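Student: The lines below spell out each chain.
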Amino acid sequence: MAGAQTHRLGNAGLIDRSAPLNFRFDGKAFSGFQGDTLASALIANGVKLVGRSFKYHRPRGILTSGSEEPNALVELRTGARREPNTKATTAELYEGLEAASQNRWPSLRHDVMSVNQLFAPIFVAGFYYKTFMWPAKFWEAIYEPAIRRAAGLGRAAGIADPDHYDKAWAHCDVLIAGSGPAGLAAALSAGRSGARVILCEEDFTLGGRLLSDGGTIDGLPAAAWLSKTLDELAAMPDVRIIPRTTLFGVYDGGTYGAIERVNDHLPSPPEHQVRQRLWRIVARRCVVAAGAIERPIVFAGNDTPGVMMASAMRTYVARYAATPAKRIALFTNNEDGWRTVETALGAGLQIAAVIDARPDVSPAHRSLASKSGFPVLHGSVSGVDGGKDGVRKIAVSLTGGARAEVEADGLAVSGGWNPAVGLTSYHRGRPTWRDDIAAFVPDGAPPGMVAAGAANGDFGLGACLSQGFAAGAAAARDAGHNGKAGIAPVADDEVFSLTPLWHVAGKGKAFVDYQHDVTASDIELAQREGFESVEHLKRYTTLGMATDQGKTSNVAGLAIMAAVSGRSIPETGTTIYRPPYVPVAIGAFAGHHRDETFHATRLTPSHHWAVEQGAVFVDTGLWKRAQWYPRAGEKDWLESVTREVKAVRGGVGFCDVSTLGKIDVHGSDAGAFLDRVYINTFSNLAVGKARYGLMLREDGIVYDDGTTSRLAEDHYFLTTTTAKAGLVMQHLEFCRQVLFPELDVQLTSVSDQWAQFSIAGPKTRDLLKEIVDPAEDLSNEGFPFMGAREVTLRGGLKARLFRISFSGEMAFEISVPARFGDAMARNLMLAGAPFGVTPYGTEALGVMRVEKGHIAGPELSGTTTAADLGLGKMMSTKKDYIGRVMAGREALVAPDRQVVVGIKPTDKARRLRSGAHIIPKGQTPGPGNDQGYVTSVCFSPTSDQWIGLALVERGRERIGEIVHAHDPLRGEDYDVELCNPVFYDPDGGRQRG
Amino acid sequence: MRIVCPFCGERELGEFTYLGDAKPVRPEAGASEDEVFDYVYLRDNVAGETSEYWYHGGGCRTWLKVTRNTLTHEISSVEPAAGAGAAKVGA
Ligand SMILES: [Zn+2]
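Residue numbers (this note's numbering), protein chains in the order written: chain A, 101 to 1093; chain B, 992 to 1082.
Hints were generated in silico from the structure; no laboratory data involved.
Treat the numbers as computed from the prediction; the structure is a model and nothing was measured.
One or more of the hints may lead you astray.
[Unchecked claim] Below are the EDC-like pairs computed for lysine to aspartate or glutamate, each with C-alpha atoms no more than 16 Å apart in a straight line:
#1 K724/A / E712/A
#2 K1008/A / E1077/A
#3 K1056/B / D1075/A
#4 K1004/A / D1075/A
#5 K1004/A / E1077/A
#6 K979/A / E1019/B
#7 K746/A / D1075/A
#8 K1021/A / E1077/A
#9 K267/A / E1003/B
#10 K979/A / E798/A
#11 K978/A / E1019/B
#12 K426/A / E507/A
[Claimed, not checked] Some chain A residues near chain B, calculated using beta-carbon distances under 8 Å:
#13 T355
#14 D799
#15 I801
#16 F834
#17 Q837
#18 L839
#19 F840
#20 P841
#21 D844
#22 M986
#23 I1059
Ideal placement from N, C-alpha and C gives every residue a C-beta, glycine not left out.
Please take these sequences and the hints and turn them into a complete structure.
Tutor: Here it is in structure tokens:
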């Protein structure tokens, strides 16, 4: 066992002495016990120096014992699990824990950057803004790199997080934040009333301040009451207590965010378990019993290691049996601070002196002082003598002007308590000032939320219990539960008696915000420079903007601003509170949505067959689509794609096109409905026929396209592009429900119900005859181009057959119920073998559509009109339809619009690339003569060269013109000829044959 | 944020898609360009109660008209948007 735990008390505390744990800090071996935090274990080992400060690299120790800690930030763990800025005060100790101090080089004790203290004048308030005023080059070359090296927090792992994070929903009647006396009392009354209760506790042990401060409840010692209460709550099936969980935010409609550190207390999560879980909790009512945060007093040297919040000091002694100091001085302005003296004396520690800023000290405490033999000094601490090894001597300014010195190795400070007003203020609630406790208390909490106990500014144990109990009962009642809550637990209230004291004037740096190294003089400087508003103060000095969000510093900062600007604290006001209450890892927000599970994956019906074929897949939206099917010996994708195109154009091929959106449109007004959503007419489409349709947005821009078939008088089958499948359904539902409720029409999404294959090429009919029942007439007369009808397949299965062509070849699309999709692909391969059937992917599909000049996603860019796409003639003039009027606007029908045109390079050997700009030949490229851009390109096996489509100003009037393609991204410049976009079979004879 | 769908009950925001202001009514066929322009583009920027279209795509696929206060985010009513944007309801 390494280390002697020199600062561990011989007994007491809530640590498990039968479970010793080894750990390392900055490479040095130490030991602690189960139940320790990293901070308490370091204290037990006599470690006082734990970090260097952000700007000045000043030595820093442990200030608090909770999640408000500004100083004791460490890098926890190593390798991929290394996590910067972890609070030693909340990190649970585990066997083998490794932690490293931050922001020091080469070592914590000898940090060369501590010379920053000598350059302190350049790091004053607003230094970022002031240095930005210097020449940009100077900033970039010298200042920023220097500041980045000198100032900063820990280092991220830099490699992927190996752990899993979970996201979960929970619902309850009453949500409670905190398991201190108020939270537990609320859980008791709400639970007994019959409400479903969730209680979140940040700590790994339940009890809040009861664990440190004890007390007597219902005549029982606090520990006994705690265990009895937890037993009663555990027996309630609808009360769920989640430890290691911080409620960090509140959102509309009673939705709360909480982060559960499920396995942060272990070296790594057990197999199949998550590291953390992000909870979204929906609660009818919420009781915030999150307690209060003790606040420092600002005085010179208040950041010396060994200066600690009084409540934290007694927590380390009472809960962890660890002694931060052997000879303790207390500086307090209230009665509560004295509890640390009582705890320390009880543990056999020495009290050097109590420096009390109040005019009077109670007789009981006076007699305690004389009995225990320590002086009570009326006055303030004006300076601390000490360094990286901690406090040595404390300078005191006595009331009346005299000075005194106190020798001590630890200084406990209590400036009063600030209720934790975060949660109650996240919906712009502005907390109100209460003079008796000199603190802000919650006001304007979100609907359904109340604060109770210390979080509400009532610090006494009795008040916490009675308020919590009442709040829990009321919350349950509001949520409809009226069971008997019984009687509230009873305890006495301690005296608080505070005289406000924020800042003691003196020589040397007096820190307000420890984490961002903001001093009292920074605030005074900000005021002199005109940054008096608290929001300006915050941004100018960065007060409260560090990872601790100013939990220990904000109120002191604005109290000092109030003093120097001659206003009251409530007049000065608070900044806006924003979630999260504690830092939450991005990984927890992402949950399982990372890597291959970043989003859901949709597989086509023939996916597994395509995998067997060795297909290469491409992600298109959520879909995995076969992009091409490489064959042995093919050297690259282009060779495979070219083979597939040639096979289709010379024989027959097929492609899974099930990703298209498919919508059944039923009803006596189905045709009338389609007339209103498409630019062309569908009501006059004959049953058994298909027609290409184009949809506009109401602003006149093209929205989507696809083929719609009429399968019966009152039944159309509509297809959309893959990308817009969901959106078109939503749009059509809007038109149906909101705009045209009078029409008798129903829409059913059948995208997932049908597997659809395109079968294309001159031998398509030969192949289909092997699939379709011989009784079906597939001849040009029996099934003409743009025919559509149900057919029976060999074996009796009903299918839908459409004679439509995207490739420009003789082609059909066949639909079968999705569960037959895999069988259909295998059947097409089998039946097509004699004809050399070739499966083709989306690449070949794309090549053939460019060869045919068909528009697709790149041309449906959200900026093009029907006329731009060469489809202006489809726009009916005989009916109203979505987008009709706006499409007629002057600029949308201007003659100089960029329209779709074909392009081919003048140098036949040149490769084209999408995105190149079109510039008139002979002109220098620039925004003034940019006439459009290349939208789609491919290598055309049919033309034996690269071809493309482009949007070009007046393009259709300029066929034959040579223009310049300028591609600054790839550094390419070349000439292309504008041409007819239909490169292949322009009169369409092949698809009609 | 949570919306109480009249058909599906109280559901979480992620099930819904926002469209926009539910006040404008689509002009009848034959309306002037100016009227249609106003319908497509002109919106009030309300500080207070406003009605808006939400689509329950993750549930019943009903378009809803939600009355919401833009200052407090409080939702005071949710009803089917049937015909809400139609020039002639029930025509
Ligand atoms: Zn619904």
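Student: For a C-alpha distance cap of 16 Å, please report whether K979/A and E1019/B respect it.
Tutor: With a Cα-Cα distance of about 11 Å, the restraint between K979/A and E1019/B holds, given a limit of 16 Å.
Student: Are K1004/A and D1075/A close enough, with their CA atoms no more than 16 Å apart?
Tutor: Holds. K1004/A to D1075/A sits at ~9 Å (cutoff 16 Å).
Student: Per the CB criterion, is L839/A less than 8 Å away from chain B?
Tutor: Given a least distance of 5 Å, the restraint on L839/A holds.
Student: Is the interface hint satisfied for I1059/A? The criterion is a beta-carbon contact with chain B at less than 8 Å.
Tutor: violated (33 Å)
Student: If you draw a straight line from the CA of K978/A to the CA of E1019/B, is it 16 Å or shorter?
Tutor: holds (14 Å)
Student: Once the shortest beta carbon distance from D799/A to chain B is found, is it less than 8 Å?
Tutor: holds (5 Å)
Student: Is K979/A close enough to E798/A, meaning Cα to Cα at most 16 Å?
Tutor: With Cα atoms ~15 Å apart, K979/A and E798/A stay inside 16 Å; holds.
Student: Are D844/A and chain B close enough, Cβ to Cβ, to be under 8 Å, as the hint says?
Tutor: At about 13 Å, which exceeds the 8 Å cut-off, the nearest Cβ of chain B leaves the hint on D844/A violated.
Student: Could you grab the alpha-carbon distance between K267/A and E1003/B and see if it respects the 16 Å cut-off?
Tutor: holds (15 Å)
Student: Taking the least C-beta to C-beta distance, is Q837/A closer than 8 Å to chain B?
Tutor: holds (5 Å)
Student: How about M986/A: closest beta carbon in chain B under 8 Å, or not?
Tutor: OK, holds: M986/A within 8 Å of chain B, min 6 Å.
Student: Sort out whether E1077/A lies within 16 Å of K1004/A, counting only the CA atoms.
Tutor: At roughly 5 Å apart (the allowed maximum being 16 Å), E1077/A and K1004/A satisfy the hint.
In this structure, the hints that do not hold are numbers 3, 7, 15, 21 and 23, in rising order.
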